[in-house]
Amino acid sequence: MIDHVTPDPIRLDAIANSSDAGPVVMLNLNRYREVANYEAGHPDHGSEISGRAAYLKYGLVALGAIGHVGGSILWAAGADEVVIGCEHDRYDEVVAVWYPSRTAFLGLASYPGYMEAHVHRDAAIEQATLLAIRGEAEPHLSSPF
0 MIDHVTPDPI
10 RLDAIANSSD
20 AGPVVMLNLN
30 RYREVANYEA
40 GHPDHGSEIS
50 GRAAYLKYGL
60 VALGAIGHVG
70 GSILWAAGAD
80 EVVIGCEHDR
90 YDEVVAVWYP
100 SRTAFLGLAS
110 YPGYMEAHVH
120 RDAAIEQATL
130 LAIRGEAEPH
140 LSSPF
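Just so we're aligned: 12 in numbering that gives the first Met the number 0 is position 13 of the sequence shown, and the numbers increase by one with no gaps anywhere.
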């Protein structure tokens, strides 16, 4: 079964072993749970924290990690509605994050507190898609036109 929340170790290995050493933009598509789903035993289990609020707990740590590895958020916005696709394709937020390399992206895991903060991300996310896109040399949005 495909897990639409947790990064797949095989796909992470592919990123780690990629021959592309250049910058990468990770396009995050997030759909949040109405109420965060923390596991039993977690202090927030059974609380009425929204998925979005739980994700922000993760996001504050992730923002520090992104800066630590030399990355930056290029763009983030709420997603309003699906125009092409079906309900399964609905997301609440889109975030484009530039990293100087795929190795830098993988370096997030070594940032103090990052892996521990994943408990909030996991409780928050109903469905996620993460796309790796070849990035420009500098962190900016560009157009092919």
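There may be inaccurate statements among the hints.
Stated by the list, open to error - Label-pair distances were calculated between CB atoms; the ranges are:
id : residue 1 : residue 2 : range
1  : R89       : A20       : 28 to 38 Å
2  : A75       : V34       : 20 to 30 Å
3  : G63       : L129      : 15 to 25 Å
4  : A39       : P143      : 15 to 25 Å
5  : A52       : S18       : 17 to 27 Å
6  : G45       : A20       : 26 to 36 Å
Calculated from the structure, these hints are not laboratory results.
In this text the structure is predicted, and so the values were computed from the model without any measurement.
The C-beta atom is built at its ideal place from N, Cα and C for all residues, glycine as well.
Hints, one by one, checked against the model:
1. R89 x A20: 28 to 38 Å: With Cβ atoms ~35 Å apart, the hint holds.
2. A75 x V34: 20 to 30 Å: holds, 22 Å
3. G63 x L129: 15 to 25 Å: holds, 19 Å
4. A39 x P143: 15 to 25 Å: violated, 49 Å
5. A52 x S18: 17 to 27 Å: violated, 40 Å
6. G45 x A20: 26 to 36 Å: Roughly 46 Å apart at Cβ, these two residues miss the hinted range, so it is violated.
Figure legend: structure checked against the earlier numbered hints; hints not met, in rising order: 4, 5 and 6.
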